[in-house]
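> Those protein sequences? They're chains A and B, same order as listed.
Using the working numbering, you'd call the opening residue of the first sequence number 1 and step up by one each time.
Using the working numbering, you'd call the opening residue of the second sequence number 1 and step up by one each time.
Just so you know, these hints were derived from the structure itself, not from any lab.
Ideal Cβ positions, reconstructed from N, Cα and C, are used throughout, including at glycine.
None of the hints are false.
If we take Cβ atoms under 8 angstroms as the criterion, some of the chain A residues that face chain B in the derived model are:
#1 Gln52
#2 Leu53
#3 Leu56
#4 Arg82
#5 His86
#6 Arg125
#7 Phe158
#8 Val205
#9 Leu207
#10 Gln209
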Amino acid sequence: MSLAASLDFPSSRALAGWRGQLALFQPQRLWVGYLLFHRVEALSRIVRPLPQLSVLVLRALARESTEDDLVHRLQIGRQLLRRILHGLHQAELAHLTPARNWRLSPRGRNAAQTDALGEERYERRLYHFLDRGHRPPRFVHLGEHGGLPAGTVDGWTFDPACLVACTREPAAWQQQHGFPREVRDICTPGGDSLTDGDVPDWQKVILDQPERLCVVLLEAGTTAPTRLLAFEVQPIAWSLPSASPVFSLAGDWSDALPELNEDPPSAAWQRAWRQWCSPQGLSEAEIDACRLEASGWCLRVSAPASVLNRLRDLRSDASRADAWLLAGEGLIRAVARIETHQR
Amino acid sequence: MAMNQTEGQAPLGEVATAAPPLASQERAPFSSRKPGEGRCIPVWEAIYRASSPEQQQELLRLAQHQGLLYGHQLPAAVPVTATSLDGARPSLTRLLREPQAALAPNHLTPVEINDTGLDGCERHAVALALSTPDLFLLNGGPDTRQTRVLAEIIIQAAARGNRVLVLSVSTGALDSLLERVADHPDIWAVRCLGASEQPASLAPRIRSVTLPDRVRQLQQETDSAAAAACAEAEERCRQHRNDEQTFTALSALCEEMQRAEEEIRRLHDTVERIGDDVAAALAHLEGTSPASAAADAFADEFKALLNAHRATLAALDGEAGQLQERIKLGRQLRADQDETMQALRPLIEARARRRFWTATWWRALRHGDVARRLATIEIEREQTLKQLADWEDRVQLLSQQRREALAAYDGQRSDFVQLQVARRLQELALPEQQAQERLSGLRARWQALCASLSDACPHHGTGDGAGVDAALARCREQIEQSARDLAAARRWAADLDQLARHVEAQVPDYVNVVAATIAALARDPHFGRRTDFDLLVLEEAHSMSEAELLTVGARARRWIMAGAAGQVEASSPGGQPLARQPGPRGRMVHANVAARNSVFQRLWQHLQCELPALPYEWWLERNRLHCRLRIFSPEQQRYVERETLADRPDVELHILTLPRSQPVLTAVVFPCSMSIAQAKQCIYDEIDELAAVPASTSVRWTEEAGQLVLELGAASPPDLMDVELTRGVREWIAEPRGKANGSAPPRGRWLTHRITFEPSAGWDRERAQQWAQRLLNLRDTGRTAYLHAPNRVPEGAHP
Chain A
1 MSLAASLDFP SSRALAGWRG QLALFQPQRL WVGYLLFHRV EALSRIVRPL
51 PQLSVLVLRA LARESTEDDL VHRLQIGRQL LRRILHGLHQ AELAHLTPAR
101 NWRLSPRGRN AAQTDALGEE RYERRLYHFL DRGHRPPRFV HLGEHGGLPA
151 GTVDGWTFDP ACLVACTREP AAWQQQHGFP REVRDICTPG GDSLTDGDVP
201 DWQKVILDQP ERLCVVLLEA GTTAPTRLLA FEVQPIAWSL PSASPVFSLA
251 GDWSDALPEL NEDPPSAAWQ RAWRQWCSPQ GLSEAEIDAC RLEASGWCLR
301 VSAPASVLNR LRDLRSDASR ADAWLLAGEG LIRAVARIET HQR
Chain B
1 MAMNQTEGQA PLGEVATAAP PLASQERAPF SSRKPGEGRC IPVWEAIYRA
51 SSPEQQQELL RLAQHQGLLY GHQLPAAVPV TATSLDGARP SLTRLLREPQ
101 AALAPNHLTP VEINDTGLDG CERHAVALAL STPDLFLLNG GPDTRQTRVL
151 AEIIIQAAAR GNRVLVLSVS TGALDSLLER VADHPDIWAV RCLGASEQPA
201 SLAPRIRSVT LPDRVRQLQQ ETDSAAAAAC AEAEERCRQH RNDEQTFTAL
251 SALCEEMQRA EEEIRRLHDT VERIGDDVAA ALAHLEGTSP ASAAADAFAD
301 EFKALLNAHR ATLAALDGEA GQLQERIKLG RQLRADQDET MQALRPLIEA
351 RARRRFWTAT WWRALRHGDV ARRLATIEIE REQTLKQLAD WEDRVQLLSQ
401 QRREALAAYD GQRSDFVQLQ VARRLQELAL PEQQAQERLS GLRARWQALC
451 ASLSDACPHH GTGDGAGVDA ALARCREQIE QSARDLAAAR RWAADLDQLA
501 RHVEAQVPDY VNVVAATIAA LARDPHFGRR TDFDLLVLEE AHSMSEAELL
551 TVGARARRWI MAGAAGQVEA SSPGGQPLAR QPGPRGRMVH ANVAARNSVF
601 QRLWQHLQCE LPALPYEWWL ERNRLHCRLR IFSPEQQRYV ERETLADRPD
651 VELHILTLPR SQPVLTAVVF PCSMSIAQAK QCIYDEIDEL AAVPASTSVR
701 WTEEAGQLVL ELGAASPPDL MDVELTRGVR EWIAEPRGKA NGSAPPRGRW
751 LTHRITFEPS AGWDRERAQQ WAQRLLNLRD TGRTAYLHAP NRVPEGAHP
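Model the full assembly from the supplied sequences, consistent with the hints where possible.
What follows is the structure, encoded as C-alpha cells:
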C-alpha cells in the first residue's frame, strides 16, 4: 500500500470550512496534502549576537567604570543596567573587580574591538528539510512547528552535507530561507572542520527522523513571482490551528515542490467529480453530461439544467458553490471549488 | 515512498507525543512535545544517556559509519522519561501525580534576608522557597504577610540571576506584590496588560512597569539623557581645549618669566661682583704698560691717574737713583780720601818726627807737603761727607716722597674704585628695576591665565616650567579622554537612535520579573510564549485548576505556589464564613470550597509537614491514668505482664512478652496521685518517648513570641496546660471539650496541641526538627510553609 493511500484527506466540508481563513491570502491555486520532512537534530555551533543594548553597554565599558558611573553616563536606569551587566557577566564578557568596578574581560575587549559581539556556544538544534524524493532535500524553516513522526520510510536517507552547506550559504540566502544565521557550523561525528575538540563524539551525532506535516498549500499573489504559503492542518478535526502559515516559499517554490508545477490532468478531475457525484445520486449519464474546466482553484462544471435542478433539490453544497474536490493520487492533491453553470 | 509496517511503534514511549488519531498508530520514537506547545526539543542526549553502554557504542559506531543516525536505528526500549529530558527535575505533571515519590531533598542554604521585618517562620519559608529544587507551597490566609514573604522570595531569586514569572488570578494581588518588588535595584519588572486593561486605568507605579511605559521611558529618557551627555561632553571638550591654549600660553609665559628672573639674577650677580670686577680691571690696567691703548673711558681715566702716579714715581726714582749714584761716588771718594789720608798720616808723622833715616821720611819728602795735602784732603773729605749727607738726606726725602706718592695713589685708586662701583651700580639700577617690573607683569598675567582655567584642569603653580608642562600633558590627556567621551556619547546617542526601532523587541530579554494575570500572560505577545523562566511564583494558587497549573507550570523550572489551603478554614476567626473570592475566570466561589477542591489543596495535603499515626493514648480508668505506648491485638493480651517500678511501686508497667520475642513495654499506669504532667515527664525521662496524642494530624511549624512552635492542632483551646519535658521544651495539652450534643467526652484523654521550643535554651529550628523527627517520626518534605497572622492589629485599631 502506498503511503498516500494510507493517509486521510479532508472532506469537501472540511475544505469549505477553511475558505474564510484562506480567502484572506487571495489564493490562486490550492493544494492539500502531506509533506515529508527530515527532522534533523545536530550539535550546532551557535554564535548568538548580543542584544544591541548589551552591545552598547559593552562598548561603554571600554573604560572601566563603577555601576554608579555607568548609571550616570548611560542613563538607562540602574535596574536595567544591572540586568545588562548581569548578561555580560554571564557571557563572560565583563566582570566585577574587587574594587566594585566593571571591567571588560579579555574576551569582551576583543569582542568590542573586533565588533564580533556575540556569545558562542554549542547546542543541539532541530532543522527541517523537505524531502523531495531523489532530489536533495531542501531546508524549510518551520519555526516551532513540527510534523508528526512518520515512522520508518523506505529509502529514507539524508546527507548531513546538506545541513552543513546551509551554514556556508550567504547571509542573504539564509535570511530568505529562514535558516538561523546564528548557526555558524554543524558538528559532525569525526568531523575536524570545527574547533570542537572538547565536544565528545557522542554529542556530535546527527539524528534524522522522518516527519509528516499535513498542510494546505496556497499560491498567493496575483503577479509573478507568486509565493507559496503552507498552513498546518490538524488532521483530527481537519482544522487550521493557526491563521499564520507554517512556512512560506518565495519565487522558487516551484523548484522546491515540482509536483505543484503540473496541474492535474482532466481525467483526475473527472474521477474526483465522479466520486463526488456518486453519493449525490446522479446517474452515470448525468455525470458524463457535465463538462469540467479547471481554472486555478475553481472547477467550472457546465451541467445540464436537469443536473443543476437535481443538485438544488438535494440542497447540495455544489448548488451553493461550496463544494470542494481533491484531484490526484499523490501525497499532495489539487483542491478546487465546484462552480456550476448551466450548459 | 512507502511506509513499512514498523511505523507506529513507540520504542521510547514515555516521550512520545500524545499524537492525534491519525498518528496514534505511529507513535514517535523520540518526539517530545511539551503539553500545550508545538515546540520540539532535541532528544538525542536523553536517548544516549538512557541507553546501555553497549547500545551507546553501537549507536556511535553507526553514526561514525553513516555520518548520522536515523530514527529507526535507535534502540527500541530505551526508557527515556520526561525527567531524563530535563535533568533530574521532576515535571509538574509527575509532582501532581505522585507528589512525594519524586521529591529530592530540599537542602537549605543560608539566606541573608533583606526584609528585616520578617519573623523566623517567614524567613524560613523564604529560605525553603529559594532552595527547593522543584516545588514549594506557601499557605497563608488573607491576614498573613504572604505578599511580603513572596516579595522577599522574588527579590532573592532575582538577585541570584533567576528570571521570575509572577502569576496571579486577580490584578489586585498581583499589583500589591509587584509594588513591593518593582523598585528593587536587582529587579527589572514588567507587568503584562490584560485584555480589558488600559494603562491609564492602572496605578502610576504599576503603569510605569508596563512594557509600553518601559519602552517609552527607555526611548525618551535615555535619548534626552544621551543628548545631554553629548552636550556635556562637548562642553568638556571645549573647556579642555581652552585650557590647552591657556596652558600653552602659560608655558610661553613661563619661559618669559624664567628669562626675566634670570636677568634679575644676573643683575644681582653683577652688582655683587662690581667691586671685584673694578679691582680686577684696575689690576689688569696696572699690569699693562702705560703706553698700551685704553679700552674705555674708565680705563682712560684710570690710566691718566696711573700714568701720573707712575710719572711721579719715575721722577722720584730717577732722582733717587742719581743721588744713589752720587752717594756711591761720594762714598768712593771718601774712601779714597780716607785711604789717602791714611797714607799721608805716617808720612806726616815721619816728617814731624823727622826721622829722615827712615824711608817713610824720605817718601814723605818726595811727596812734598803732605801736611797740606792732608789738610786739603781733610777739607775735601769734610766736603765729601757733607755732600754725602745732603745726598742721603735727599734720598731719604725722595723715599719719603715716594711712599707718600704711593699712599696718595692708593687713596686715589680707592676713590677711583668707589667712584667706579657707584657709577656702575647706578648703571645697573634701572635694568634691574625694569626686569622686576617685567617679572611682576608676567606674574600678574600668570595669575590671570591660571584663573581662566576650568575646574577640570586647575593649576596653581608659580611659574614652574616642569609643572606647567606636566599640567599641559595632563590637560592633553584630558582632551583625549574628553574627545573619547564625546565620541562615546555621540556613538551612544546614535546607537540609541538606531536602537529605538528595535527597543521594544529587545527590552523583554532583559526583564527578570514578569508579572501577569494568567489571562493576560496568555495573550501577551512578548512573554506569552516564553518558557525560559527559572521560577514561577503563583499567587492565589488555591483558585487555580490543575489544567491551568499545568499550562503555566510549563513555563518555568521551579514553582512557588502561594495560596490558602484547608487549614485556614478551621482557623477562620470567630467562626465567620469565609468571604467570597473571585475564582478562576471571574467565577465567584467560596474560598474554602475552592481551596478544598483545588490542586493547591491537594498538593498541600501531600506535601505538608505530616505526622504519622502514633500508638499513644491516654485515658482515666478506675481513677488511674493510663498511657498506651504500643498497640497489640486482643489475642496478645494474655502475654501482657504487669510489673511495678522499683523506685515507684505505685507505677505499673504493662509488658508484652511474646514467645521468642523481646519484651515490649505497652502501657504505663500511673496512680491517682500523679498528675498528667508528672506522668508525661516520667515517660519522657524514663523511656525517652513523647507519649503525645496529637489534636490533629496536620502539623506546622510556627514562631510565636520568640518561641518555635510545633502546632499539632488547628486551634488551641484556652485551657491549655504545659508540661516541661526537658529544658526549653514544653508540651501543651488539654482534654477534649464536650460535643455539640452535650455529651461529655471521656476524662483523661489528653490531647497534645502544641510543643514549644525555647531558643534561649539552645533550641533552634534544626535541633527542634530533629527532636520532633526522632520522637514523633515527623516527616517534613521541606516543600511547605504555613504562615499565620501573629500580632496582626486590625486596620483602624492603631492609636
